[in-house]
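Enquirer: Top line first, the protein sequences correspond to chains H and E.
Numbering of the first sequence is given in the numbering used here, commencing with residue 1 and proceeding in unit increments.
Numbering of the second sequence is given in the numbering used here, commencing with residue 287 and proceeding in unit increments.
Quick caveat, the hints were computed from the structure, so don't treat them as lab data.
Since the model is a prediction, treat every value here as computed from it, not as a measurement.
Even for Gly, the Cβ is constructed at its ideal location relative to N, Cα and C.
One or more hints might be untrue.
[What the hints assert, rightly or not] Rough simulated footprint, nothing fancy, chain E against chain H, three-plus residues with beta-carbon under 8 Å:
| # | region |
| --- | --- |
| 1 | 3 to 16 |
| 2 | 43 to 52 |
| 3 | 61 to 75 |
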Amino acid sequence: MKQWNSDELILFYYGELNRQQNIEIREALANSPELQKSYAAMCEFLDNKVELAVPEIEQSLNQRIMAGVYQQIENESRTDSNYEDVKGSLFTSWWSSGFIGKLAGASAIMSVLVISTFFVGRWSSQVEQNNQIAESTPNSVSSPNTSSIPMANNSPNDRTDVAQFSPRESERVFFSNVSQHLEIGGRVLQMVSNGNGDLAEKVAERKQTIDELVALNRLYRRLAEQSGDIQLVGLLQQMERMFIELNHTDTTTKATDFENIRERLEQSDLLYQLKITDKKIEQKLI
Amino acid sequence: MEDEQTLIDQASTGDIQAFQSLVEAYSGKLYVAAYRILGNKEHAEDCIQEVFLKLHRKIGTFNNQSKFSTWIYQVTVNTAIDLLRKHAKHQNDSEQDLDQVVCHKTTQPEQSVWLDNISAKTHRALMMLSEEVRLAFILRHHEDRSIKEISEILEVNPNTVKNRIYRAIARLREILDTKVIDYETVE
Numbered sequence: 001m002k003q004w005n006s007d008e009l010i011l012f013y014y015g016e017l018n019r020q021q022n023i024e025i026r027e028a029l030a031n032s033p034e035l036q037k038s039y040a041a042m043c044e045f046l047d048n049k050v051e052l053a054v055p056e057i058e059q060s061l062n063q064r065i066m067a068g069v070y071q072q073i074e075n076e077s078r079t080d081s082n083y084e085d086v087k088g089s090l091f092t093s094w095w096s097s098g099f100i101g102k103l104a105g106a107s108a109i110m111s112v113l114v115i116s117t118f119f120v121g122r123w124s125s126q127v128e129q130n131n132q133i134a135e136s137t138p139n140s141v142s143s144p145n146t147s148s149i150p151m152a153n154n155s156p157n158d159r160t161d162v163a164q165f166s167p168r169e170s171e172r173v174f175f176s177n178v179s180q181h182l183e184i185g186g187r188v189l190q191m192v193s194n195g196n197g198d199l200a201e202k203v204a205e206r207k208q209t210i211d212e213l214v215a216l217n218r219l220y221r222r223l224a225e226q227s228g229d230i231q232l233v234g235l236l237q238q239m240e241r242m243f244i245e246l247n248h249t250d251t252t253t254k255a256t257d258f259e260n261i262r263e264r265l266e267q268s269d270l271l272y273q274l275k276i277t278d279k280k281i282e283q284k285l286i
Numbered sequence: 287m288e289d290e291q292t293l294i295d296q297a298s299t300g301d302i303q304a305f306q307s308l309v310e311a312y313s314g315k316l317y318v319a320a321y322r323i324l325g326n327k328e329h330a331e332d333c334i335q336e337v338f339l340k341l342h343r344k345i346g347t348f349n350n351q352s353k354f355s356t357w358i359y360q361v362t363v364n365t366a367i368d369l370l371r372k373h374a375k376h377q378n379d380s381e382q383d384l385d386q387v388v389c390h391k392t393t394q395p396e397q398s399v400w401l402d403n404i405s406a407k408t409h410r411a412l413m414m415l416s417e418e419v420r421l422a423f424i425l426r427h428h429e430d431r432s433i434k435e436i437s438e439i440l441e442v443n444p445n446t447v448k449n450r451i452y453r454a455i456a457r458l459r460e461i462l463d464t465k466v467i468d469y470e471t472v473e
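Can you make the complete structure from the sequences, with help from the hints?
Expert: The following block contains the structure:
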């Protein structure tokens, strides 16, 4: 009669033996008290002594996963769009992709992009350079009243005009824009928070606004990152996640998904944080 | 849930709702597997988020040569291993996390405490095994994957998987039987 070893008992325990071996080992177990004892000890160990309890899964994990997926899609489409830019046809690309309706928003975003790029330049390495230019051409630092107007009209190469902005003024314009963004974003999020069953329609009506909020939010977040404003970055990150999720909903999105978004909005205290930050920014502006 | 193959086909063509259905179907199971490998809730959640991002990128390359569940387990195990190595220097934190595991099913507090103790000890014992032996055991014993599936997930011969499981059980019995005695004596 075949002698069964502990390895084969393990395979038997896990149901990994073939049919014939199963029959043979059962017979052996029935006839051998020693084998029975050995198998019982192994079962006792595997059944009771190697437990691994797992904490319950977070309810919001699936939403977070999908938010990440949407973000990934967004990044991929942006990469594709950049590729088209390199080919020199941003406008053509948007036109052919059926994004005509977004052109108005895009132009607004582009102007903010230009303005903001200027601010970034002001805050970083150009500050020193501009100061030097300003020092060498003292007449150019003229009326403070002109400070917020000329950038749209002047060539970026015109250093004397750039030097009309002090970092303080640039900062004020930036915070003024952010404050406006927080206000509009806050209204959209408030609508989500107050939603009761009609969110799908309300969100669909404001699709264009939400789309623009995503782009602006990303822009302001990057500028805030560069200026080292961690608190504002954190808030904008949270808002961005919400806007992206809302942006990817449509009329077929389930009511429970909207309910989940609403619940998470409330749990995160985002609206409260938003109000506090907006107040702080307004104080800075005063 | 719709037929899994239909969902996979739809998700492969970029259908986000189909992909979401796959997330809903698998996130719980994969989270449990990731937690058992990593021993830390936050790391397990990070792992699963990373896994689904990878799956979303790669789902078009799934070729039906293996089962879908085997494929996603393979992605999960590989991602978990990467994270495990990344967090290796924080091993103490991981142990602490398991020590703090509160089993939320608190219907029977005594049973829950017992389970927490067993879990913490099992985790420590598992961490004393080599990575390859530990993974084979977790996948067979806790995740109920067959030896054939494990050999596909870990990309090794089925006999190698069997050997790793034998070694894991022998070593765990050595460690845990001693530890239980120590624990009972001390307690």
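Enquirer: Next, verify each hint and record whether it holds.
Expert: Do the hints match the structure? See the list:
no.	hint	result
1	3 to 16	holds (count 6)
2	43 to 52	holds (count 7)
3	61 to 75	holds (count 10)
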